Amino acid sequence: MKFGIIVFPGSNCDIDCYHVLKDVLGKDVEYIWHDTEELEDFDCIILPGGFSYGDYLRCGAVAQFSKAMEQVRLHAEKGKLVLGICNGFQILTEAGLLSGALVRNKNLKFICDTVALKVENNNTSFTSRYNVGEVIDIPIAHGEGNYVVDEDTLKKMKENGQVLFTYEENPNGSTFNIAGVCNARKNVLGMMPHPERAGEALLGNTDGIKLFQSIIDYLEGGAKNDK
Amino acid sequence: MTNRYKAVGLNKQEYDKILEVLGREPNELELNMYGVMWSEHCSYKHSRALFRHFPTSNERVLQGPGENAGIVDIGDNLAVAMKIESHNHPSAIEPYQGAATGVGGIIRDIFAMGARPIALLNSLRFGEIENSDRVKFLLEGVVEGIAGYGNCIGIPTVGGEVYFNQSYRGNPLVNAMCVGLIEHDKIHRGNASGVGNSIMYVGAATGRDGMGGASFASVELTEESEEKRSAVQVGDPFMEKLLLEACLELLETGCVVGIQDLGAAGLTSACCETATRGEGGMEIDVLKIPRREKGMLPVEVMISESQERMLLIVEKGREEEVNRIVEKWGLYSVVIGKVTNDGFLRVMEGDEVAGEMPADSLDSSGAPKYYKDYEMPAYIKEVKNFTSTDVEEPQDYNETLLALLKSPNLASKEWIYRQYDHMVRTSTVVKPGSDAAVMRVRGSKKGIALTTDCNSRLCYLDPREGSKIAVTEAARNIVCSGAKPLAITDGLNFGSPEKPDRFWQFRESILGISEACRELDTPVISGNVSFYNETETYAIHPTPIIGMVGVLEDVEKACTMEFKEDGDVILLLGNTKDEIGGSEYLARIHGLEKGEVPAINFGLEKKLQAFVLEAIEKGLLQSAHDLSEGGLGVALAECGIGRRLGANVSFETNLRKDILLFSESQSRFILSVKKEKLQQIKDMMETVAAPYEIIGEVTGEKLQVTINDSLTIDMAVNQMEETWRGALACIME
Amino acid sequence: MKAKVYVTLKKSIADPQGFAIKGALNKMGYGKIEDVRIGKLIELDLGDVTKEEADEQLKTMCEKLLANTVIEQYEYEILV
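Residue numbers (UniProt numbering), protein chains in the order written: chain A, 1 to 227; chain B, 1 to 733; chain C, 1 to 80.
Everything labelled a hint here was simulated from the structure, so no lab data went into it. In this text the structure is predicted, and so the values were computed from the model without any measurement. All C-beta atoms, glycine included, are put in the ideal place defined by N, C-alpha and C. Check each hint, because a few of them may be wrong.
[As the list claims (entries may be wrong)] In silico DSBU-like pairs for lysine-lysine, Cα to Cα no more than 35 Å straight-line:
| hint | chain 1 | residue 1 | chain 2 | residue 2 |
| --- | --- | --- | --- | --- |
| 1 | C | K27 | B | K136 |
| 2 | B | K136 | C | K32 |
| 3 | B | K17 | B | K413 |
| 4 | B | K406 | C | K64 |
| 5 | C | K64 | A | K67 |
| 6 | B | K338 | C | K40 |
| 7 | A | K109 | B | K677 |
| 8 | C | K11 | A | K78 |
[Said to hold, decoys possible] Partial list, computed: chain C residues near chain B (C-beta under 8 Å):
| hint | residue |
| --- | --- |
| 9 | P16 |
| 10 | G18 |
| 11 | M28 |
| 12 | G29 |
| 13 | G31 |
| 14 | V36 |
| 15 | L66 |
| 16 | T69 |
[Unchecked claim] Not close to chain B: a few residues of chain A, all C-beta gaps over 12 Å, as computed:
| hint | residue |
| --- | --- |
| 17 | P9 |
| 18 | G26 |
| 19 | G100 |
| 20 | N121 |
| 21 | T153 |
| 22 | R197 |
| 23 | G199 |
Okay, chain A solo, but in the shape it has when bound (with noise of 0.2 Å):
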């Protein structure tokens, strides 16, 4: 099982999601410069926060246009995971990955904090460790985390269960107050929160870890639907 992170000009967090992965839950991970054109070995790619390309423009948008993102096309094509954080969301939905768009936060400030999040559906290869309805605290860094789609897009992501995380006290104005959305096919989810600022307890918050435990639940073949 290999996790890979997509490092653009202007990532953030890609050191944060590595550590997380190496040092804290000891799996295999590699950096992976924007312009691979080969992402055969990885089993999950993780877009990494940050501000690719100085989010000049629009948030995500010059990154869509990178050679590394056509093979992270192909690699949700064969249904394989795709996890977006923050400008990752940002720029998956930019990409056409995941429906939606992401503008400026209602109050138009940047946003840092640890806001509290519910688990909407456990039943994905990325919250099978969540109970549904299980509330936790997860940071959030983002100036342009508002959330919007159309309704009638809204209304088959939520009867299709693709609502993964919902704010508890709206931060951004999102639209139903969504924190996270995935696929109809549930393999790719974005989401503006932060769970690799949520690993250890010296940070004080060890409540992301477990959406990281359920991919490798996942791809280790032992994903826990129980619930």
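Could you slot chains B and C onto chain A? The hints should help.
Quick look at chains B and C alone, frame taken from chain A:
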């Protein structure tokens, strides 16, 4: 042509010195280069003479002042690089970009040493904010600028301070501090060593940025070019992120022998400073410098302050290696000259010599140095004419405490730090809002604690004692987090050094910092001076901002200020005296900035700091909080708010109640201890003869303070929290 | 009366955003692009005012709020 020097901000004497050095009249380019290098900002001509008072070395200091940043050893082959720098004037003109480029500049200083920047702090001062749209505009812009740059480049902003005082209404202060980690054997310096080695330029192209303020002697400059010059520098954190990664990768290869940030006075200062520290000479060709705009004159290229640029001195023959790495990061690099040993900085324009000056005559070793007259200002005696009985005792202490918690100087700064990504890179163990921020050091058990401190009201009333208190309070904050104080960087913000009364403040402050740093064994390893922070009628309060770093051998033992559990015993360490002079209480409640500042006794201070540190290291404390602005009353409230825990405490005292509660006597701490560890703590305190009182315990949901058997404060923690947390947001929104 | 206001950075001010977008466009194959500068378009409906009033209002709005004249310049267009 007689007054050419005035146009570049020099005087007759200084111009004569140039004539003497060159043995001829300088040409336009040379004169302008002297003008910027001999400005106060670059040469420290009015402050340098006093720096000899600073202790700048001990066994831990690996790099003292004089480089891009200072470096202090934290053990295990690891070290911390740090520096603070002001960006006051640019922030007053354009708060967003001014603050952003201040952050960008200080980050470059850190990675120019080869260190990976891991944390940012900011110390801000504004005029009083309530009812001032101008101050709200400035605060909003400065905070967004800091956030915009720090968040984008991915370096957490973990601490700092913000104070509001009318003395800053015409001159806001924006001081940014950056801290980096480095291994001992990877320290790089700005030396142009090795004759024949290549001078390479990396990063953004050069435009006419940051030149609007500069005066030019040149008659060649057309009006059109005047119009194109801008006082405002624009920051590009994305470019800087690439530059940072590229430089750190380059330094690993060993092909870079010297590296220097292009900051104030741009290429001019980077070239002459690296030359002076190296072989003594350098030759560069201005035509090879990448330019953003057409038609730039050599002088514009040489003194431009465009951001996100670095100068590298590269081993001859390895230039391609540099180009490859730089290109990988999407940037470009170019050879612009070579190291020489003839002692001259030679600026070529193609084959023509455009300017030629002894390199060491330009930088601070050759610049003029003044020791100005000083005289104690008249106000000093006047403000001391105060005794605490001059003010009436408040009727309602609940109300007084709430009023203080609501003061923008004491209220929560959450509205600000919520806009800063303070967690990115997942090393922030103690987040903003505590006495000091604590960062873990990846790959080791250690942690470092960081803080900035300066109570400028005390520095106004007594610059020497106030400055001692600034250093000591920084150390106390570091100790409360469980770290041993190691070293400081100082951001010295003052009025005009050419006025004897202002220079007196500066001198007193330097002497105070020096004494405190010597007493606490925390040398000054880097710093910055910003003078002329004054308007026609008034100057800012003297503001020597102390940035301090400390080390925790085991980061897991980091301590925070908030009470942890019901039933814990609360102790007050230190003595409370009749010392409300200069207090926030006196200013906020009675509208007075007067009095003797609290006295500081280094013997007691050191004893108590050592005790607190030892108690934390032994795992005996639940919490530790330093008492500063707002005194005991505010400190107790702050300790309770964190986890919404009440406390019941009582005192027997001969002091008036307001003095007991709000005096800002030094060398005091509030500690909380588990009951079962109380005896051990008592034994320790008695062994060192530490003055202490057991004042009560953590309990319930209210703060209840009984003084001489009368219940003086009785307030729900919730209510205090609401007031304290909401105050700034309420003003801003 | 409707109007369009264009706010752009002054020529002397560096435009990091434009620079980064130029780089991206160059990489996408538009190699000849020499410069990209990014600004804002603001559309306003001024209500029932004369052209002269509109002109005056727009000028004040730009100076006071819409543009930061320390670093930005503006132009506007009144649409009839």
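> Can you give the numbers of the hints that this structure goes against, from lowest to highest?
Replying inline: As far as the earlier hints go, 1, 2, 3, 5, 6, 7, 8, 10, 11, 12, 13, 14, 15, 16, 17, 22 and 23 are violated by this structure, in ascending order.
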